[in-house]
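Those protein sequences? They're chains A and B, same order as listed.
Under the UniProt record's numbering, residue 157 is the last one in the first sequence; the count climbs by one each step, no gaps.
Under the UniProt record's numbering, residue 157 is the last one in the second sequence; the count climbs by one each step, no gaps.
Mixed in with the good hints there might be a few duds.
In silico contact screen, one side only, chain A against chain B (beta carbon under 10 Å); selected entries [to be verified]: (1) His46; (2) Leu49; (3) Gly57; (4) Leu58; (5) Tyr65; (6) Ile67; (7) Gly132; (8) Val135.
Which stretches of chain A does chain B cover? Using the computed rule of at least three CB atoms under 8 Å from a CB of chain B, they are [stated by the list, open to error]: (9) 34-42; (10) 72-82.
Cβ pair distances, simulated, as ranges [stated by the list, open to error]: (11) A:Gly106 <-> B:Pro66: 42 to 50 Å; (12) A:Gly19 <-> B:His137: 52 to 60 Å; (13) B:Asp94 <-> A:Glu62: 41 to 49 Å; (14) B:Thr35 <-> A:Gly19: 27 to 35 Å; (15) B:Gly57 <-> A:Gly106: 30 to 38 Å; (16) B:Pro139 <-> A:Thr149: 23 to 31 Å; (17) B:Gly132 <-> A:Gly106: 50 to 58 Å; (18) A:Asp85 <-> B:Ala121: 35 to 43 Å; (19) B:Arg12 <-> A:Pro66: 53 to 61 Å.
Think of the hints as simulated: they come from the structure by calculation, not from any bench.
Bear in mind that the values here come from a model prediction, so they are computed numbers and not experimental data.
Virtual Cβ for every residue (Gly too), placed ideally from N, Cα, C.
Protein chains: 2
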Amino acid sequence: MAIEIERKFLLRDLQVLQGLSGQRIAQGYLSHSPTATVRVRLRDGHGWLTVKGLTAGLQRDEFEYPIPAADAEALLALCDAGVIDKTRYLLPADGGLCWEIDVFHGDNDGLVVAEIELPSADHPLPAADWLGAEVSHDPRYFNSALSRTPYRHWTAR
Amino acid sequence: MAIEIERKFLLRDLQVLQGLSGQRIAQGYLSHSPTATVRVRLRDGHGWLTVKGLTAGLQRDEFEYPIPAADAEALLALCDAGVIDKTRYLLPADGGLCWEIDVFHGDNDGLVVAEIELPSADHPLPAADWLGAEVSHDPRYFNSALSRTPYRHWTAR
Numbered sequence: 001m002a003i004e005i006e007r008k009f010l011l012r013d014l015q016v017l018q019g020l021s022g023q024r025i026a027q028g029y030l031s032h033s034p035t036a037t038v039r040v041r042l043r044d045g046h047g048w049l050t051v052k053g054l055t056a057g058l059q060r061d062e063f064e065y066p067i068p069a070a071d072a073e074a075l076l077a078l079c080d081a082g083v084i085d086k087t088r089y090l091l092p093a094d095g096g097l098c099w100e101i102d103v104f105h106g107d108n109d110g111l112v113v114a115e116i117e118l119p120s121a122d123h124p125l126p127a128a129d130w131l132g133a134e135v136s137h138d139p140r141y142f143n144s145a146l147s148r149t150p151y152r153h154w155t156a157r
Numbered sequence: 001m002a003i004e005i006e007r008k009f010l011l012r013d014l015q016v017l018q019g020l021s022g023q024r025i026a027q028g029y030l031s032h033s034p035t036a037t038v039r040v041r042l043r044d045g046h047g048w049l050t051v052k053g054l055t056a057g058l059q060r061d062e063f064e065y066p067i068p069a070a071d072a073e074a075l076l077a078l079c080d081a082g083v084i085d086k087t088r089y090l091l092p093a094d095g096g097l098c099w100e101i102d103v104f105h106g107d108n109d110g111l112v113v114a115e116i117e118l119p120s121a122d123h124p125l126p127a128a129d130w131l132g133a134e135v136s137h138d139p140r141y142f143n144s145a146l147s148r149t150p151y152r153h154w155t156a157r
């Protein structure tokens, strides 16, 4: 088990993506229970099964296991809501940290989100002049929520 | 992925358990979605994470992965309904098959069920004069259902 401490932002300048190469990710959810989400992910030919516990502030427990890609494909077909399709770009940051910038496709087209995993909840954020508003605490931006209520269907943004 | 073809019975004679040694199993569910259940199991110090697809007749898809026992313990705490506590006894049967007899404890105390995994849906059942009524198609006996509505709380049996 790992403890994940993550902050999430919109982008005010997409130029930061220029020159980066991304990886396509398909992911869906086998559970949206109040206490845990169960995520299936297929990324660059590799499958993953991940359980995430309740979010407490910025922090949540995460349990991640590699699974065969063929299993991930079959499990995505069992997911009870839409499968998220996105391209992830990695951008190294100061202090050995790394921004993960997700450009969504399909029903979430138009949404671009930058996430960073921090070593502690009060760790300073690496400087990034391309960051927009923070959305860490807005549950609409949880990927599990986007699979059920995609960005295109939001009435207010 | 494996395809699981299973038949399930009550027992009319518990003498069959005499002389067998069992293994205690704790299991809970991270998802009761209509399309898939996600099961966490701790058995004899080993953890497992298992996704089972929709039941079609006697058959369902099963995806099972070993996980650290400490993860299984932490995941059991995230399960959104009761954790099932049972002792499993194995009884070899003709043709290389094996009966799994589960004696439930706690809120499912009093329930004893024998299951057998068959190589095909029309495979003949090995002879067993201790078998009671078949309950393969009664969803109350699904372990995922027993975690939410345990045997003690059934109004009719």
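Evaluation of the provided hints:
no., hint, result
1, His46, "violated (14 Å)"
2, Leu49, "holds (7 Å)"
3, Gly57, "violated (17 Å)"
4, Leu58, "violated (19 Å)"
5, Tyr65, "holds (6 Å)"
6, Ile67, "holds (6 Å)"
7, Gly132, "violated (33 Å)"
8, Val135, "violated (25 Å)"
9, 34-42, "holds (count 4)"
10, 72-82, "holds (count 5)"
11, A:Gly106 <-> B:Pro66: 42 to 50 Å, "violated (34 Å)"
12, A:Gly19 <-> B:His137: 52 to 60 Å, "holds (59 Å)"
13, B:Asp94 <-> A:Glu62: 41 to 49 Å, "holds (46 Å)"
14, B:Thr35 <-> A:Gly19: 27 to 35 Å, "violated (41 Å)"
15, B:Gly57 <-> A:Gly106: 30 to 38 Å, "holds (34 Å)"
16, B:Pro139 <-> A:Thr149: 23 to 31 Å, "holds (30 Å)"
17, B:Gly132 <-> A:Gly106: 50 to 58 Å, "holds (51 Å)"
18, A:Asp85 <-> B:Ala121: 35 to 43 Å, "holds (36 Å)"
19, B:Arg12 <-> A:Pro66: 53 to 61 Å, "violated (45 Å)"
Hint check: violations occur at hints 1, 3, 4, 7, 8, 11, 14, 19; the rest are consistent with the structure.
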